[in-house]
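Residue numbers (my numbering), protein chains in the order written: chain F, 1 to 52; chain V, 1 to 990.
Think of the hints as simulated: they come from the structure by calculation, not from any bench. Among these hints, one or two may not hold up.
[Said to hold, decoys possible] Label-pair distances were calculated between CB atoms; the ranges are: (1) F:Pro-14 / V:Ser-3: 52 to 58 Å; (2) V:Ile-201 / F:Ala-8: 25 to 31 Å; (3) F:Ala-8 / V:Ala-742: 36 to 42 Å; (4) V:Gly-148 / F:Ala-8: 45 to 51 Å; (5) F:Ala-8 / V:Ala-560: 53 to 59 Å.
Glycine included, every Cβ here is placed at the ideal spot set by N, Cα and C.
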Amino acid sequence: MLLFAVGAIFFGWPIISIFDYNLSKYLFLAWFIFIVLIFIATSYNKKGNNGG
Amino acid sequence: MFSPVFLFSIIFAYLVLLFLIAHFAERMDKKGSRLVSNPYVYSLSLAVYCTSWTFYGSVGKAANAGLSFLTIYLGPTLMAALWWLVLRKIVYICKENRITTISDFIASRYGNSLFLSALITFVAVIGITPYLGLQLKAIMHTFSILTGQPGGSRFAGWTIALLLGIFAVFFGARRVDVSERHSGLVFAVAFESAIKLIAFISVGVFVTYGLFNGFDDIFDRFRLTEFAANMTLGEEANVSFLEWTSLTFLSMMAIMFLPRQFQVSVVENSSEKHIKKAMWLFPLYLFLINIFVLPIAYGGLLLGEPQNNADYFVLSIPLKQGVPMLALFIFIGGFSAATAMIIVESLALSTMVMNSFVMPAVWRMKAMKSFYAMILNTRRIVIIGLVFLGYTFAIYIGEFYSLVNIGLKSFEAVTIFAPSFLLGLYWKGGNKKGAIAGILVGFSIWIYTLIIPALLKAGIIAEGGVMDYIFSSTFLNPTALFGLKGLDQWSHSLFWGLLLNLFFYVSVSVFTKKTDAETRQTIIFVDSYSPLKLGLSNRPKSVDEIEMILAEYIGATGAAETVNRFLRKNGIARDSIDHEWLLRLKSEAENLLSGALGPSISNLIFQDGAYLTGDEKVRLSDSVKRISSSLMLSRQELAEKNRQLALLKEFSENIIESIPLGVATLDESLKVKYWNKAMKTIIGIDQSDALDIEADLLLRCLEPDLFTPAIREGEVTCKRNPGSGPQMILKVNLSSLTGDQAGYVLVIEDITEKKKIEEDLFRTTKHASIGRLAAGVSHEIGNPLASISSLVQELLAEKQSSFGFNSLSTINMHIDRIARIVRNLGDFARLHPRQKVSTNLRNIIEGTINLVKYDKNFRKIDINTDIEETPEFKIDPDQMQQVFLNLMLNARDAMPEGGSISISISHNNGYVKTIFSDTGTGVDYETRDKLFDPFFTTKGTKGTGLGLSICYSIIKDHGGTIEIDSVKDRGTKFIIKLPLKRELKEELEG
């Protein structure tokens with residue numbers, strides 16, 4: 001849930017409004033970092049997480 | 001350009017390859033291979049999301065509206081972060097209730113409402129058909145581009161639609177039970193995902209690095225063009241931040257509610273664990289397939305390609321740059337993207353249509369003749385019909401819109417399901433009336449704000465009259481409903497659709513009541529992970545009633561089996577079943593039929609008043625029995641997999657049972673749960689006696705305490721005295737079980753023999769070192785001692801005073817003692833070089849007995865012999881006699897008050913065994929271990945501590961062993977084993 005909130009902030013207004021012509025670079029970088037964060041989060045929760 | 005025949009051949013060859021791959025995967029899956037059921041294939045199959053819209057349309061969108069295309073992929077990436085919460089719950093509910101479509105899911109949540117299921121299916125078919133058409137439009141258009149013959153594209157589209165329909169039928173509609181996974185189809189879709197990714201990256205690399213000098217080059221040059229606004233968002237760009245947000249939200253909903261996504265992510269899911277890996281693998285796929293979208297779009301515009309043809313830059317650029325083979329590969333990639341979508345979407349929609357329209361219609365019309373064949377054939381017709389519906393759309397309407405426009409309309413359509421679906425998962429207040437109201441309103445807004453303007457633009461609805469009136473109205477204008485102006489069409493439709501949908505869903509739910517069935521389903525869905533808490537329905541009244549209803553469809557025997565199996569499994573007596581278990585039984589019976597008939601019709605069967613005439617019952621019963629036979633086939637496959645699993649289990653157990661290590665598993669309270677054969681050999685306790693007993697009661701070591709006060713994890717060496725036998729030395733490893741299982745695994749190795757060999761080696765090495773030392777000492781001390789002894793003898797021979805004589809006698813006595821020690825040291829040092837000759841051991845023993853029998857100290861000792869005839873073998877007779885003499889003298893010293901010595905010689909297995917036993921004082925355990933150590937003696941100053949060391953060294957030098965078995969106050973036994981054929985061994989080694 002926290003990860004989703006982080007993603008929603010970083011891919012949404014107003015953050016994306018500050019990058020102008022470099023917006024595409026920012027979006028792809030943030031996207032990749034977000035995927036890495038999901039990877040870390042799912043790997044970290046591998047042991048015995050049944051909660052949902 | 002390519003000829004149409006050539007291109008058709010390529011398409012046909014590709015479809016044949018796809019067919020073979022699917023067929024191969026299906027066979028592998030049946031054999032129990034994990035080729036299909038793994039998270040990577042699952043993640044790749046989710047990429048069916050990337051259709052020809054992604055493949056062609058993203059570039060088109062990027063060239064026309066800049067970065068907004070990314071929302072279509074960022075939305076699913078964001079949603080993926082929630083999958084462990086949301087998707088896992090959906091998968092769990094679907095598996096528990098054999099739900100196979102999104103319409104069945106929502107209908108089931110709201111009391112198995114048939115109307116709701118039909119409504120959702122209707123909305124989905126209307127909403128998704130343009131999306132199917134989009135794929136066929138892309139195939140037809142790209143076919144025209146590659147052949148350069150626009151006229152033939154319709155025929156190509158028609159033929160391809162038919163081929164894809166047949167493919168979907170073959171792998172999706174071979175059985176009636178749609179709750180089964182389609183392993184071949186899933187693997188084929190995963191393969192297509194890989195192909196389209198490789199193809200897209202190929203063209204991306206070609207444009208970015210083949211035609212330009214990388215990303216920066218393209219971006220820098222593009223920034224100077226008139227299209228530079230496409231690099232940004234906001235007021236000056238082509239896409240507002242509001243549109244960006246709306247599109248992101250729409251794609252978040254699409255990844256959950258598009259029927260094909262529901263099919264691959266929920267129905268085709270084989271393990272919840274795959275979701276966890278797909279949460280990052282699927283977004284990674286989306287990331288990779290989008291990396292080159294901007295360079296291709298910007299590159300195409302920089303190369304002078306027309307902006308309105310940007311959807312097909314990926315083909316037109318390689319063609320114009322003279323790389324037709326790359327264009328052909330790109331065509332195959334685009335074809336992959338389209339075919340995967342068409343096949344899976346038509347399969348998913350056909351199941352919805354079957355469960356929501358066809359089955360209820362069959363039921364209500366009571367048209368039950370040839371029921372089984374009719375269901376299967378109808379399903380096949382529906383699949384092909386849906387594909388051709390899409391084809392029709394592509395021909396007549398599709399040409400007026402870009403790929404992205406068509407796709408987004410479908411996204412908006414499936415977002416209509418979001419409130420009733422998502423709130424239905426977590427909010428118990430939602431009911432059927434609210435869901436129907438919300439969906440009806442949402443659908444109406446979708447039609448009004450998106451479809452009417454589209455039809456007007458396509459010319460299907462004529463301008464003027466009513467249309468002019470509503471479009472000029474401030475309040476009713478479909479593009480500015482209720483006077484809301486300034487929004488793009490997607491945000492506008494989403495805003496009103498979602499707002500009114502939510503409003504009606506919540507308000508109608510709050511102000512109307514739920515039925516008992518709805519309440520029951522609400523609990524099943526919202527509290528899905530909790531045990532079922534039922535008790536509100538008053539039907540059915542008895543087990544017999546359920547069995548009777550079930551018997552009408554699967555026969556009396558099948559019904560009785562089903563009911564009895566349920567009762568047996570849950571340990572319930574038929575007569576004393578309570579209301580809650582009765583409802584569970586009813587639910588089980590419904591599930592049994594829902595796999596073939598859909599949950600709604602299955603629910604209908606169990607309602608009161610669903611009565612049939614006798615003839616109808618017979619015919620329907622026959623048909624459902626055939627369905628059951630089909631299910632039986634599936635059960636046979638399941639049984640085959642179970643058999644393979646059992647073989648695997650047997651193999652694993654065989655390994656654990658065969659290894660020479662003791663293996664046991666313990667639960668958290670240290671009770672034994674598994675105990676292998678080696679454990680019995682080592683510990684001496686049978687498995688049956690060990691199970692459920694606490695491990696610390698079974699395995700008590702002298703040291704250390706294994707299980708108390710705290711559990712020792714890791715490896716320890718444990719000395720154990722098992723009672724009558726010799727002491728054991730065990731290596732014990734205790735470690736926690738990994739994964740979800742709690743408890744420990746205990747591995748024990750008997751290292752007694754190993755330790756003994758280590759000690760022998762240590763002792764031999766020590767003897768060798770001391771031998772070298774002894775040689776030096778005896779030489780250096782022996783010579784001066786001989787000189788001193790001679791002088792003392794001479795002095796003693798002369799006349800001495802009494803004091804002098806006594807002193808010299810004492811000196812002489814001590815010199816004798818030193819000389820004896822030096823002689824022994826010399827003996828110890830001179831052990832190895834002696835000559836070995838063929839000798840009979842009996843003669844040596846008899847010679848030794850003759851030596852001692854006249855000794856006065858042996859008078860009180862009986863010497864008994866039991867000597868077998870042994871063959872002669874090579875030994876050093878003098879050294880061997882020294883051994884026997886040492887042992888007899890030791891025995892004599894141990895029996896000062898007399899006793900008996902028994903000597904026996906026997907031979908077998910290539911060894912001669914000599915046993916000397918006495919009835920003397922014996923030694924304790926600690927002393928026993930040190931007896932062969934040089935200079936260790938139990939005789940005080942009388943012994944040199946070298947006698948037994950010499951014996952040990954002599955026997956070792958002969959390749960034999962000498963062991964001691966002694967119990968304090970009960971006597972001592974020396975066991976000597978000498979090999980008969982040592983000389984042969986020595987020759988071979990030499």
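Cβ separation of Ala-8 of chain F and Ala-560 of chain V, checked against the hinted range 53 to 59 Å
holds, 55 Å
Starting from the hint 52 to 58 Å, judge whether the C-beta atoms of Pro-14 of chain F and Ser-3 of chain V obey it.
At 55 Å between Cβs, range holds.
Within 45 to 51 Å or not, the Cβ separation of Gly-148 of chain V and Ala-8 of chain F?
Check passed, 47 Å falls within 45 to 51 Å.
CB of Ala-8 of chain F to CB of Ala-742 of chain V, is that within 36 to 42 Å?
Given a distance of about 37 Å, which is inside 36 to 42 Å, the answer is holds.
Return holds or violated for the Cβ distance of Ile-201 of chain V and Ala-8 of chain F against the range 25 to 31 Å.
Cβ of Ile-201 of chain V to Cβ of Ala-8 of chain F: about 29 Å, so the range 25 to 31 Å holds.
When the structure is compared with the earlier hints, no violation turns up for any of them.
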